[in-house]
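> Listed below, chain by chain, are the residues.
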Amino acid sequence: MADAAVETHAPNPSGFAHQYETLEQQHDAGRLGMWLFLATEILFFGGMFTSYIIYRELHLPAFETGSRLLEVRFGATNTAVLICSSLTMALSIRSAQVGKSKGTIIFWLILTMILGAAFIGIKLRFEWYHDWLEGIVPGLSWTYSGPYQSGVQMFMCFYFFMTGLHALHMVVGLGILTVLVVMAARGRFTPHYFTPLEISGLYWHFVDIVWIFLFPLLYLIGGRYTLGGH
Amino acid sequence: MSTATANLQEIPAESRVNYLNASYGIRSWLLTLDHKRIGLLYLGTITLMFVIGGVAAVLMRLNLMEPQGALMEPETYNKMFSTHGIVMVFFFLVPSIPATLGNFCIPLMIGARDVAFPKLNLMSWYIFVTGCLLMTYALISGGVDTGWTFYPPYSSIYAHTNVVAAALAIFIAGFSSILTGLNFVVTIHKMRAPGMTWFRLPLFIWAMYATSIIFILGTPVIAVTLLLLGLERILHVGIFDPSIGGDPLLFQHLFWFYSHPAVYIMILPGMGVISELIPAFSRKKIFGYSFVAFSSLAIAIISFIVWGHHMFVTGQSIYAGLVFSSLSFLVAIPSAVKVFNWTATLYKGSISYQAPMLYALGFIGLFTMGGLTGLFLASLATDVHLNGTYFIVAHFHYIMVGGAVMAYLGGIHYWWPKMTGRLYPDLWARFAALVIFVGFNLTFFPQFVLGYLGMPRRYAVYPQEFQALNVMSSAGASVLAVGYVIPLVYLIWSLKYGPEAGPNPWKATGLEWKTPSPPPTENFEEVPIVTYDAYEYPTVRAGVARG
Chain A
1 MADAAVETHA
11 PNPSGFAHQY
21 ETLEQQHDAG
31 RLGMWLFLAT
41 EILFFGGMFT
51 SYIIYRELHL
61 PAFETGSRLL
71 EVRFGATNTA
81 VLICSSLTMA
91 LSIRSAQVGK
101 SKGTIIFWLI
111 LTMILGAAFI
121 GIKLRFEWYH
131 DWLEGIVPGL
141 SWTYSGPYQS
151 GVQMFMCFYF
161 FMTGLHALHM
171 VVGLGILTVL
181 VVMAARGRFT
191 PHYFTPLEIS
201 GLYWHFVDIV
211 WIFLFPLLYL
221 IGGRYTLGGH
Chain B
1 MSTATANLQE
11 IPAESRVNYL
21 NASYGIRSWL
31 LTLDHKRIGL
41 LYLGTITLMF
51 VIGGVAAVLM
61 RLNLMEPQGA
71 LMEPETYNKM
81 FSTHGIVMVF
91 FFLVPSIPAT
101 LGNFCIPLMI
111 GARDVAFPKL
121 NLMSWYIFVT
131 GCLLMTYALI
141 SGGVDTGWTF
151 YPPYSSIYAH
161 TNVVAAALAI
171 FIAGFSSILT
181 GLNFVVTIHK
191 MRAPGMTWFR
201 LPLFIWAMYA
211 TSIIFILGTP
221 VIAVTLLLLG
231 LERILHVGIF
241 DPSIGGDPLL
251 FQHLFWFYSH
261 PAVYIMILPG
271 MGVISELIPA
281 FSRKKIFGYS
291 FVAFSSLAIA
301 IISFIVWGHH
311 MFVTGQSIYA
321 GLVFSSLSFL
331 VAIPSAVKVF
341 NWTATLYKGS
351 ISYQAPMLYA
361 LGFIGLFTMG
371 GLTGLFLASL
381 ATDVHLNGTY
391 FIVAHFHYIM
401 VGGAVMAYLG
411 GIHYWWPKMT
421 GRLYPDLWAR
431 FAALVIFVGF
441 NLTFFPQFVL
451 GYLGMPRRYA
461 VYPQEFQALN
471 VMSSAGASVL
481 AVGYVIPLVY
491 LIWSLKYGPE
501 AGPNPWKATG
511 LEWKTPSPPP
521 TENFEEVPIV
531 TYDAYEYPTV
541 RAGVARG
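Top line first, the protein sequences correspond to chains A and B. To convert, note that position 126 of the first sequence is 126 in my numbering; the numbers rise steadily by one, no gaps. To convert, note that position 311 of the second sequence is 311 in my numbering; the numbers rise steadily by one, no gaps.
It is possible that some hints are incorrect.
[To be verified] If you anchor each label on the Cβ, the simulated ranges turn out as follows:
#1 Ser141/B with Leu140/A: 24 to 30 Å
#2 Ile53/A with Ile318/B: 18 to 24 Å
#3 Ala90/A with Ser141/B: 46 to 52 Å
#4 Val179/A with Ser379/B: 51 to 57 Å
#5 Val17/B with Leu174/A: 39 to 45 Å
#6 Val172/A with Pro67/B: 51 to 57 Å
#7 Pro61/A with Pro456/B: 38 to 44 Å
#8 Leu168/A with Thr531/B: 48 to 54 Å
#9 Thr47/B with Thr190/A: 44 to 50 Å
#10 Ala185/A with Leu327/B: 51 to 57 Å
#11 Val172/A with Ala336/B: 42 to 48 Å
[Claimed, not checked] Calculated pairs, SDA-like style, for lysine to any residue (alpha carbon to alpha carbon, straight line, at most 20 Å):
#12 Lys190/B with Gln25/A
#13 Lys119/B with Gln25/A
#14 Lys123/A with Thr79/A
#15 Lys119/B with Leu23/A
#16 Lys190/B with Leu32/A
#17 Lys190/B with Leu23/A
#18 Lys119/B with His27/A
#19 Lys119/B with Leu32/A
#20 Lys119/B with Trp35/A
#21 Lys119/B with Glu21/A
#22 Lys119/B with Phe37/A
#23 Lys285/B with Ile351/B
#24 Lys285/B with Tyr537/B
#25 Lys119/B with Gly175/A
#26 Lys190/B with Leu38/A
#27 Lys119/B with His18/A
#28 Lys102/A with Val179/A
#29 Lys119/B with Ala22/B
#30 Lys119/B with Glu198/A
#31 Lys119/B with Val179/A
#32 Lys190/B with Thr195/A
#33 Lys514/B with Leu20/B
#34 Lys190/B with Ala17/A
#35 Lys123/A with Val172/A
#36 Lys190/B with Glu21/A
#37 Lys123/A with Phe206/A
#38 Lys496/B with Leu43/B
#39 Lys123/A with Arg73/A
#40 Lys119/B with Lys190/B
The set of hints was computed from the structure by calculation and includes no laboratory data. Virtual Cβ for every residue (Gly too), placed ideally from N, Cα, C.
Chain A with its partners taken away, still in its complex shape (with noise of 0.2 Å):
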């Protein structure tokens, strides 16, 4: 029965549904999908971000004081791998677009993936080992004995659960990166079939931007330039 439906609607090129009338259907339906998932995306993080407001206008001093725990040299250099990695995924949308061979593709769904690795791998190595190391890592190795004990708990509280929640979002997207370089390299991205690649795309995409609203939350605004820094 589902067969005999799909010949009946025929041309099928690779990857169209046949639950759908046409290719570009399928392709506003997977876009609008997204952004319905992004929309729910930002209410996820927006719940943080809003105790987060919330917390630190009732604990100032104690989250200046824990924002100058953090390293914003780390914290810089992810801003600008990130971006970089936004980057190579547009450019990977475009060689599809454009029709490029399947290994320029490819190319660049690996160059957005070392990006995204190497985010992480700062991310673990520099900043949350160290964490640990130092005694600043709520509930699991906690040391610290600086002014605004509770405080600056609280904070770290925060910056744990928004990064290791934006971590898991890059995962994520490392996943779905690895989903998408099996599909090009079996040639399924055309100039007339690149859907995949443009809404896994936004998805990484908006993985970024959180983390351009994470950046100067926890790291820039903890007064440290005006206080005089470390």
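Based on these hints, arrange chain B on the given structure of chain A.
Okay, now just chain B, sitting in the frame of chain A:
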């Protein structure tokens, strides 16, 4: 069209290929991408969860037969009402109409072959089942005693029960809601048949659209809130912990930001079902189509700005209370628009009292009572007296059981012939609807009185003078339980012995009735082209109208 329908009726259902007999075996069900089969998978799953939540309710009511508790320790009683609340809200009411009737009907009603993302649809069901299994594990391995609201610091620090497993179960089931809502919105936007414009859509579709928006925008907030709660419990440090300057009220704000709109997740689909039933059984076009359609969207939007009315007595600022109180009254407007429009549709209609219609009429009455008592609770001063009493329990059961469950059962009875191709015995169905109506009122009306007299909710024991009303309520609950068992029996009976329904047993309009029952896998022999509005019932004959 009429000749096509006539031809369909001549062919016996067994010999035609439909979605039920297109393939056989457990694999063909567990790996199905057909929205109709996925709807039935949900139907089975949520019925099991309803039984779990129902058993907890029965045990609670049994315990409340005597002032000192007839059956169990207070600790066990706490687990019972928590189980009942959590299972019924998150694992039955929230998915009930959207995941079963929505999944089954939306593509049929808009003239599509399937939802926009069939694989995602199946994945949603698996996610939901994972949540259900985890919840069942949480119950078997010791239960939860926080109530369905999980307020910290009790849930984060002091409770010694399975809070993490239960919270994680809700977190997981939430993703099923999000993905279902996303699927529905895209389907309604992109998959409508040619000619099916927005204002020709059945009102059930408008209601499901509004519900899906709440799914998409509300559910992620409860997800992240429960995640934070779980982390706080595991790591013993976190952002709601008062000992490091955290604020438990923040949890309540985040919780109700979802959980108030969730009330409309439960009632809006019900309103959508009623908007189908009333025109179908009064043979009349719905009164004020666009008002009913937009009132669904209005309810969805207002639902996001009234959450503070759950917190009038919890230490929220009184000015916030004032604002939330006045905003809460706004909900009454679109709700009343719907009730008045349904009533106006009935006026001079050619009404027949078949089983789905009995549920619909029951809904209108009970929802009105639930809605009006909600206004007592939206008023700051009366809320101080009524908050935390059985008045609240009665109020939201009038909405959720008298409203949502009645509509769910009405919808199941209405679309059952389409789902299965079989008719159930109408006399039994009418009898069951009556039993449920009587049992429901006997259970919950006394609770309004109990609450007004000051009996607090969630207590295992109560003063002697409340016993008569409590016994009345428990007696009603047993009638209600019988009322729920009867449909279970005759619906299952009808699968094998029910007479064939034919494509359109109710002579209703709507695309779902223009295809065979059960529909073929692709829903329609050919893509329908829509040239008419919803609910184009033939105008009532002059003689009847005069009468």
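> For each hint given before, does the structure comply? Return the numbers of the non-compliant ones in rising order.
none
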